[in-house]
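Undergrad: Residues per chain are reported as follows:
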Amino acid sequence: MQNILNLVEQIEALTAEQKKAIAEWIKEIDKKITVTEFKLDRTEKVKRTTGILLEETIQELELKRKAVEDSNATLQKLLEDLKATQAQLIQSEKMASLGELTAGIAHEIQNPLNFVNNFSEVSNELIDEMTEQLEKGNTEDAKAMANEVKMSLEKINFHGKRADGIVKSMLQHSRSSNNKKEPTDINALADEYLRLAYHGMRAKDKSFNSAMKTDYDENIGLIKIISQDIGRVILNLITNAFYAVTEKNKLMLDGYEPTITVSTKRMNDKVEVRVKDNGTGIPQKALEKVFQPFFTTKPTGQGTGLGLSLSYDIVTKGHGGELKVETKEGEYTEFTIILSV
Amino acid sequence: MKILVVDDEKDVQVLFEQRFRKEIRNKEMEFAFAYSGEDALKYLNELHEAVLILSDINMPGMSGLELLRHIKEKHHQPPPVVMMITAYGDADNYNTAMKLGADDFLTKPLEFSLLKEKLKAIQ
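If you're matching them up, the sequences are chains A and B in order. If you're matching positions, the first sequence starts at 0 in numbering that gives the first Met the number 0 and goes up one per residue. If you're matching positions, the second sequence starts at 0 in numbering that gives the first Met the number 0 and goes up one per residue.
Keep in mind the hints are simulated off the structure, nothing from the lab. Because the structure is a prediction, the values reported are computed rather than measured. Please note that the accuracy of each hint is not assured.
What the hints assert, rightly or not - The calculated lysine-lysine pairs, modelled on DSS-like cross-linking and capped at a C-alpha distance of 27 Å, are:
no.: 1; chain 1: A; residue 1: Lys135; chain 2: B; residue 2: Lys21
no.: 2; chain 1: B; residue 1: Lys119; chain 2: B; residue 2: Lys107
no.: 3; chain 1: A; residue 1: Lys249; chain 2: B; residue 2: Lys21
no.: 4; chain 1: A; residue 1: Lys249; chain 2: A; residue 2: Lys264
no.: 5; chain 1: A; residue 1: Lys212; chain 2: A; residue 2: Lys327
no.: 6; chain 1: A; residue 1: Lys288; chain 2: A; residue 2: Lys249
no.: 7; chain 1: B; residue 1: Lys41; chain 2: A; residue 2: Lys142
no.: 8; chain 1: A; residue 1: Lys203; chain 2: B; residue 2: Lys107
no.: 9; chain 1: A; residue 1: Lys249; chain 2: A; residue 2: Lys269
no.: 10; chain 1: A; residue 1: Lys179; chain 2: A; residue 2: Lys264
no.: 11; chain 1: B; residue 1: Lys41; chain 2: A; residue 2: Lys212
no.: 12; chain 1: B; residue 1: Lys9; chain 2: A; residue 2: Lys142
no.: 13; chain 1: A; residue 1: Lys203; chain 2: B; residue 2: Lys9
no.: 14; chain 1: A; residue 1: Lys179; chain 2: A; residue 2: Lys269
no.: 15; chain 1: B; residue 1: Lys26; chain 2: A; residue 2: Lys149
no.: 16; chain 1: B; residue 1: Lys9; chain 2: A; residue 2: Lys212
no.: 17; chain 1: A; residue 1: Lys149; chain 2: B; residue 2: Lys9
no.: 18; chain 1: B; residue 1: Lys26; chain 2: A; residue 2: Lys167
no.: 19; chain 1: B; residue 1: Lys9; chain 2: A; residue 2: Lys160
no.: 20; chain 1: A; residue 1: Lys160; chain 2: B; residue 2: Lys107
As the list claims (entries may be wrong) - Where chain B lies over chain A, by a calculated footprint (3+ residues, C-beta under 8 Å):
no.: 21; region: 134–143
no.: 22; region: 149–156
Every residue, glycine too, gets a C-beta built ideally from N, C-alpha and C.
Based on the provided sequences and hints, a complete structural model is requested.
TA: The structure is reproduced here in C-alpha cells:
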C-alpha cells in the first residue's frame, strides 16, 4: 500500500488535494480488505467446527440407529412372547369352560349309560322269557318278545351313540381348533350345548334352576361352520345367560321366573342364533366394553374376561359373521350370532 | 296301583314299561308318564288318580323339588306317596326333599329290583 502511495506522490499531474483524496480511498480499501480477511478466517474456522460437529452427529446417529435396531429386536421378541401368551390364554379359557362343563358332561353321559345298562339287562331277561315261551311252543308270544328285544337293542344303540356323541363333542371342545368348516346341524349343536351348560350350572350351584325355551327353525339344514368354535360361542353365551338369571334371582323379586331362550332362524342366505335371558341386563357403561378382552363384571377369579372377546373373534374373524347384543338393564339381554350360509 | 313317573328323559317310559312288564301284564301296576314338573301337575290336577309319584329332581323348568312342594302343599287327601330320584345324590337335595315331605329318596342309576320291592311294600 505504501508503494501505491509513493507512486501517487510522484504523479505531478495530480493536485495535492487529489493526492490526499486518493490516499484516503486507498486506506479505506485497505481497511476493507483487512476486515474481509478477518471474516474469511472466521468463516474458515466455523467451517472446520461444523465439519467436526457433523462428524460427531453422524457417529451419534449411527449409535442411535443401532439402539433402534436393538429395541426392534427386543420388541419383536416381546411380540412373539405376547402371541404365545395369548395362545395359552385362549387354551386356558377353553379348558376353564371345559372344567365348568365336566360335571355337566358326566351327568349327560350317565343318563345314556343308564339306558344302555338297563336295556341290556331287559334284553337278557326277555331272551330268557322268549326261550321259555319257545319251549312251551308259544311261537306267537316268542315273536312278540323278539320284537321287544329288538326295540331294546335299538334303544341300546341309540343311547350308546348318544354317549359317543357327547364324548366326541367334549374332545372337540378341548382340542385346538383345526379351522375346518364342516356341514353342521346348528340346531343340534345349540341344543347339545344348552344341555351341557344347564347341567354344568346345576353341578356348580344346586339351587340353580331356570326355564329353558327353545325355538329351532327346522328349515335351516346343514351350514358350513367350524362346529367346535361356534359351539364354544353358543356355550359362552348360554353360560353368561344362566349367570345373568342367577344373579337376578338372588334379588328375590316377586314372581320372577328365570328363563333362557335359545332360538335359530334362517333368513335368506343368513342364519341367526339367538340366546336371550330375562336376567340382570347389561348397564350402558359396560355394554361398550363387553367384547373387549379381559373385561368382566364377575368377581375376581370367576371370569377370565375372555369369553365374549373370543366369541366375537370366532364369529367375525373366523366366520365373517356378526355378533350383536341388545339389552335393557334389569330386564333382558339378547345376543345374536349371524352367520352366512 | 297307579304310578306317575316324571322325568325329562322320554325313554324312561319304554324302560319302565319293560322293567315292569309282568306287573303291567298282571294289572298289579299301572303307569302314567309326564316329561316335566309342569306336565305332572297338569296331569294330577285333571285326573287326581296317581297313588305314587316317582319324580326326577333335575329337570329343566320346574324342578322335581318344586313339584314335590306343590303336591304336598296343595294336592289330594290322602296325599300320594312321592319318591324323589336324582343323579346328584347330595345331602342338600336329600335334606330339601325330606323337608318338603318326600316319602323316599332314590339315586340314579335306579336299582329296579330295589324299586320293585319298595313299590310292592307300598301296595
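Undergrad: With reference to the structure, classify each hint as holding or not holding.
TA: Structure-based check of all given hints:
| no. | hint | in the structure |
| --- | --- | --- |
| 1 | A/Lys135 / B/Lys21 | holds (18 Å) |
| 2 | B/Lys119 / B/Lys107 | holds (20 Å) |
| 3 | A/Lys249 / B/Lys21 | violated (48 Å) |
| 4 | A/Lys249 / A/Lys264 | violated (32 Å) |
| 5 | A/Lys212 / A/Lys327 | holds (20 Å) |
| 6 | A/Lys288 / A/Lys249 | holds (25 Å) |
| 7 | B/Lys41 / A/Lys142 | violated (38 Å) |
| 8 | A/Lys203 / B/Lys107 | holds (19 Å) |
| 9 | A/Lys249 / A/Lys269 | violated (38 Å) |
| 10 | A/Lys179 / A/Lys264 | holds (23 Å) |
| 11 | B/Lys41 / A/Lys212 | holds (19 Å) |
| 12 | B/Lys9 / A/Lys142 | holds (26 Å) |
| 13 | A/Lys203 / B/Lys9 | holds (25 Å) |
| 14 | A/Lys179 / A/Lys269 | holds (20 Å) |
| 15 | B/Lys26 / A/Lys149 | holds (24 Å) |
| 16 | B/Lys9 / A/Lys212 | holds (17 Å) |
| 17 | A/Lys149 / B/Lys9 | holds (18 Å) |
| 18 | B/Lys26 / A/Lys167 | violated (43 Å) |
| 19 | B/Lys9 / A/Lys160 | holds (16 Å) |
| 20 | A/Lys160 / B/Lys107 | holds (20 Å) |
| 21 | 134–143 | violated (count 0) |
| 22 | 149–156 | holds (count 3) |
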